[in-house]
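*Asks:* Residue numbers (the numbering used here), protein chains in the order written: chain A, 5 to 289; chain B, 6 to 437; chain C, 500 to 807.
Possibly wrong hints are sitting among the right ones.
Claimed, not checked - Taking lysine to aspartate or glutamate and the EDC-like style, the derived pairs with C-alpha atoms no more than 20 angstroms apart in a straight line are:
id, chain 1, residue 1, chain 2, residue 2
1, C, Lys565, B, Glu431
2, C, Lys798, A, Glu64
3, A, Lys21, C, Glu566
4, C, Lys799, A, Asp175
To be verified - Simulated DEER-style distance windows between Cβ atoms:
id, chain 1, residue 1, chain 2, residue 2, range
5, C, Met804, B, Ser72, 47 to 55 angstroms
6, B, Lys58, A, Leu88, 52 to 60 angstroms
7, C, Ser712, A, Glu7, 51 to 59 angstroms
8, B, Lys424, A, Asn117, 17 to 25 angstroms
9, C, Phe792, A, Asn117, 41 to 49 angstroms
10, B, Lys145, A, Glu76, 41 to 49 angstroms
11, A, Glu76, B, Asn141, 45 to 53 angstroms
12, C, Ser715, A, Phe118, 55 to 63 angstroms
To be verified - Computed footprint of chain A on chain B, listed as stretches where at least three residues anywhere in the stretch have a Cβ under 8 angstroms from a Cβ of chain A:
id, stretch
13, 84-93
14, 385-391
Simulated from the structure, these hints should not be mistaken for lab results.
Nothing here was measured: the structure is a model prediction, and the numbers come from that model.
Idealized CB from N, CA, C, for every residue including glycine.
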Amino acid sequence: MDETHFLNKYRLSRWCKSSVIHIFLMTVTITCLFPLFWMVRTSLMTRETVFLDKSIIPAEVHFENYWIAWTEGNFGVYFLNSILYTVSVVVGIVLISSLAAFAFSRLKFPGKNFFFYMFVAAMMIPLPGSFVPLVVLMQKLQLIDKPIGYILCMINVGLSLSILLLKTFFDKMPPDLEDAARIDGCSKLGIWRHVALPLARPAIAVIVIFNSLSVWNEYILAMLILNSKSLMPLQRGLMEFQGPHSVDHHLLMAGLTIAAAPIVIIYLAMQKHIIKGLSSGAIVG
Amino acid sequence: MKKILIFGFTLFAAIISGFGCAPAAPKTDRVVIWHWMTDRDKAFQELATQYEKETGIKVILELYAPSDVYSQKIIAAAQAKILPDIFGILDKKSVVADFINGGFVADLTTDFKANGAEWESSLFPKALSVNRFDENNPYKVTPGIYGVPIDVMNIQMLYNKNLLKKAGIAKPPATIEEWIEASAALKRVGISGFVSGWGELWMADAFASNYAFNIMGEDKVMATFRGEVPYTDPSWIKVFGVFADLQSKGVFATGIVTKTNKDAEQDFALERAAFAFNGSWCVNVYNEMNSKLEYGVMLPPVANKDRPMKIWGGAGSSFFVNNVSPNKVKAIAFLKWLTAKEQQTYLAEKTQNLPVNKLALATIPPILADFSLSMESTTHPTIWPLNEDALVIEAFDKGLQSIIIGEKTPEQVGADVQKVKLRQTEKQKKKK
Amino acid sequence: MSTTTVKANPFVNFKDYAGNFLFIFPAVTLFTIFYIIPFFQIFQLSLYDWNGISQTKTFIGLDNFKELMVDTAWWRSMWNAGYITLIALTFQNALAFALALACDREIRLKGFYRVVFFLPPVLSEIVVGFIWRWILNADVQANQHIGLLNYFLDAVGLNSLVHNWLSDPDTAMTCVAVVHSWKGFGWGFIMLLAGLQTIDRQLYEAAQVDGASSWSTFWNVTIPMMLPVITVVIVLTILGAMQSFALIISMMGQGLGDHTSVPVTRILSAMNGTKQFGYACAQGVTFGIILVFISFTLKKFSDRMKQA
């Protein structure tokens with residue numbers, strides 16, 4: 005009788021603990037989901053009802069808002085541009101920063117520490133207001149109004165953090181693996197490609213997410229460096245709904261939902277890698 | 006491994022080719038315009054297509070919004086020497102002067118005065134004054150007209166006819182005392198009094214400026230700018246006192262000090278407030294948000310019965326011509342066409358903005374017509390003989406906010422602003 | 500298999516140094532072009548009096564910096580940024596850590612939570628500012644609260660808590676800080692979760708066998724193993740919070756003046772509002788130096804902790 009009593013008490017306390025945790029998680033979940041829900045809800049209303057109707061679920065649903073947002077906002081072109089920029093920038097950052105981080109972590113050369121701290125310091129010294137010198141400089145380099153100009157600029161924006169994260173990761177890499185590869189006749193580049201990169205998969209996943217998000221939501225540099233409408237990214241399309249004096253909220257929300265979707269997809273794809281990469285136990289011992 | 010090298014090479018080749026491309030020779034069969042007016046973009050595009058049909062000259066419009074991003078782009082483009090043929094300067098007259106003195110803006114006086122001032126006389130003089138620099142202007146700019154206004158606007162108060170009726174108010178208030186009474190009546194039926202986008206400091210500044218002119222007159226205000234009258238003068242305390250008074254008597258809506266103009270427009274359009282302070286562009290906005298809104302236009306209730314109330318008004322938006330553009334002549338021709346009667350009528354219809362061409366006034370909706378009636382009472386910082394220092398204005402506006410949130414008294418704000426004024430005057434003296 | 504002998508220290512001669520340098524060459528090139536050059540220009544411009552437009556600039560040496568030292572609005576904005584950072588470090592990171600711990604176990608819906616908690620960072624600042632402004636709205640129309648929070652408080656009978664959230668100087672900054680934390684905790688969450696998942700389960704089992712309580716396990720096993728990740732999260736939180744500004748503009752416009760300004764809004768206001776470009780550059784340089792100083796101190800501190 006005593007034993008079952010004890011077992012029940014134990015189970016009860018565990019159940020309580022687990023419920024509390026779930027309640028906690030659920031509360032936070034609601035606060036996270038509510039804005040998204042509200043965004044979608046608003047996107048399905050009309051201009052008049054957006055403010056007058058305060059109910060949670062709108063009476064009439066206007067899915068055509070998404071079509072209107074897409075066409076009125078010229079989303080087709082902007083969407084493709086954003087994809088081009090995001091993919092190019094992310095690929096560029098992953099390659100360039102992993103090469104650099106590998107060198108900072110594993111290779112010797114003069115001035116190594118100097119350059120590394122330079123990158124780290126750049127993260128801390130933001131340059132708000134550097135727009136004007138930047139545009140003048142890019143004009144001199146003939147990079148204004150060209151996709152490559154914007155891409156290179158955005159690669160630079162994400163370099164510091166990516167290099168820092170990857171170097172920290174590479175530092176943790178055990179030298180045995182590297183030595184084994186070297187004995188096998190691998191060149192430095194080979195070690196980078198075959199040993200370091202696969203191990204750093206979780207860190208790379210974080211970098212991909214972070215930089216995708218920053219490029220996808222970026223707006224100001226695109227407006228300043230690019231002139232032609234045909235080169236503009238998605239955020240520019242959203243501006244079509246925000247006049248200087250009035251905002252088409254329903255279309256704006258539809259546009260924002262469309263804009264948010266790809267990033268969520270990228271996150272869904274990448275977040276598995278973080279956990280998988282870590283738990284595959286590549287780090288032996 | 007090879008793939009990496011190949012990628013690396015291609016990337017660098019791309020970079021090199023980015024460098025190597027010679028700058029495209031500027032095309033001379035077209036006019037490029039950079040503008041910020043999202044709601045008028047379609048109308049402009051229509052006109053551009055029409056212009057090309059009529060004259061064969063292509064007009065390319067690029068839109069950059071919102072306006073603060075536009076300003077940054079213009080400044081960056083000016084420095085990088087890549088300004089388009091036609092652009093706007095969304096800033097104070099001193100900044101326009103800087104652009105002119107920097108050689109970026111073309112002098113259009115000769116074009117305006119051609120053929121017996123044909124172009125000049127077809128437009129409202131108040132709109133032109135905004136872009137005109139007179140003899141002895143404080144900015145050391147060669148006198149002349151430098152910009153082309155494409156519409157006219159003024160900023161007044163609006164009142165909701167239905168809400169006033171509901172509170173039993175017979176006619177819109179004409180004095181501050183009447184306004185306070187009306188607000189009390191509105192409160193009794195649970196209606197919020199007055200909204201305006203005072204989260205955007207310049208609107209509060211405009212309101213204060215109107216009352217400054219009403220209480221002490223333009224001359225004294227100019228004397229203050231020159232440093233001859235301190236901000237602790239009783240007249241200025243009275244101006245600050247207007248805000249304190251209205252705040253304490255509950256005339257302002259809650260949160261007015263953080264409202265953006267868009268929010269305030271929303272509030273008024275959705276009948277959440279009985280009074281608003283906004284510019285004539287609001288007609289279009291209110292119409293879109295609530296086409297059934299019944300409202301009227303009024304001047305702000307006077308604080309001083311002996312002087313007239315002045316409101317801000319003049320050119321709404323203006324375009325400037327790039328001085329070093331090879332298409333200068335074509336650009337000016339296009340702007341002249343844009344301000345002609347037919348195009349102005351079209352724009353007024355499509356975008357509900359007051360036309361700048363005198364002859365186009367015939368076909369505007371009645372509420373806009375009401376706005377235009379008060380053009381005689383307008384004034385604007387751009388046509389004053391001088392302007393206050395930017396930092397003093399900043400302190401002034403912040404002081405207004407402190408009064409509204411009940412943090413400081415009018416006397417304290419007056420003292421604060423005067424302190425900044427003295428400091429800035431010292432700095433100016435040192436520079437000379 | 501090649502027949503080269505494996506040298507003890509194979510990569511020492513100059514050719515190898517040059518080869519190694521090539522690894523960082525692309526990064527350094529881009530960095531120099533897009534960061535170093537503008538940086539030096541800004542540094543240079545901070546010594547001038549310039550409005551950003553005219554062709555003439557006047558050299559005034561360190562006058563901008565001298566003026567900055569006594570600029571109460573600037574230091575107030577630094578204080579505000581510090582306040583946001585403080586809330587972020589405590590509230591945001593505590594929340595992120597708690598959530599990560601909760602999700603570390605094998606519980607149902609783990610994948611679902613991982614996605615949901617990352618939604619706030621995905622949303623752009625426009626949306627976040629807009630939505631929260633609606634929630635915190637304090638307007639009353641026909642005796643009905645318009646803002647969701649006040650409406651809710653009133654409905655459950657907590658009318659005394661109804662407040663002028665965004666217009667009251669006392670509460671405005673806290674609201675901004677809370678929203679900033681709400682938007683940011685997702686980052687800390689995934690980083691901490693990833694870190695937690697690397698801890699060897701055997702350590703936990705060993706502690707359990709030793710009869711350690713959950714609290715002592717947490718303190719003696721989890722925290723030490725997580726120290727590097729925690730440090731990175733703290734540094735990134737500080738840098739992010741000190742530099743935040745888009746959210747404030749989106750939530751409050753130019754709002755309550757000094758009460759809700761942060762360093763970046765001051766810089767933008769000097770650049771675009773009062774057209775003091777040189778002064779804005781001086782502000783930027785000073786801000787950068789302060790941030791470097793903070794990070795440097797943190798690094799020293801964390802190094803000392805590692806040794807302890």
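*Asks:* Each hint should be assessed against the structure and marked as holding or not.
*Replies:* Hints, verified against the model:
Our distance criterion of 20 angstroms between C-alpha atoms is met by lysine 565(C) and glutamate 431(B), whose separation comes to about 16 angstroms. Under the criterion of a C-alpha separation no larger than 20 angstroms, the hint pairing lysine 798(C) with glutamate 64(A) is inconsistent with the structure, at around 56 angstroms. Among the hinted pairs, lysine 21(A) with glutamate 566(C) is inconsistent with the structure: their alpha-carbon atoms are about 57 angstroms apart, more than 20 angstroms. In summary, the hint linking lysine 799(C) to aspartate 175(A) is supported, as the alpha carbons are separated by about 19 angstroms, within the 20 angstroms threshold.
Range check, methionine 804(C) to serine 72(B): about 49 angstroms between beta-carbon atoms, so the 47 to 55 angstroms window is met. Hint check: lysine 58(B) to leucine 88(A), Cβ distance near 35 angstroms, so the stated range 52 to 60 angstroms is violated. A C-beta distance of roughly 23 angstroms is found between serine 712(C) and glutamate 7(A), which places it outside the suggested range of 51 to 59 angstroms. In this structure the hint that lysine 424(B) and asparagine 117(A) lie 17 to 25 angstroms apart at CB is violated, the actual value being about 49 angstroms.
Between phenylalanine 792(C) and asparagine 117(A) the beta carbons are some 19 angstroms apart, a value that contradicts the proposed interval 41 to 49 angstroms. Our hint of 41 to 49 angstroms for lysine 145(B) and glutamate 76(A) holds, since their Cβ atoms are close to 46 angstroms apart. Here the CB-CB span from glutamate 76(A) to asparagine 141(B) is close to 50 angstroms, well matched to the stated 45 to 53 angstroms. For the pair serine 715(C) and phenylalanine 118(A), the beta carbons lie near 44 angstroms from each other, so the given range of 55 to 63 angstroms is not met.
Counting residues of the stretch 84-93 of chain B whose beta carbon lies closer than 8 angstroms to any beta carbon of chain A gives 4, which meets the minimum of three for the stated coverage. For the stretch 385-391 of chain B, the stated coverage by chain A is violated: 0 residues have a C-beta nearer than 8 angstroms to a C-beta of that chain, whereas at least 3 were required.
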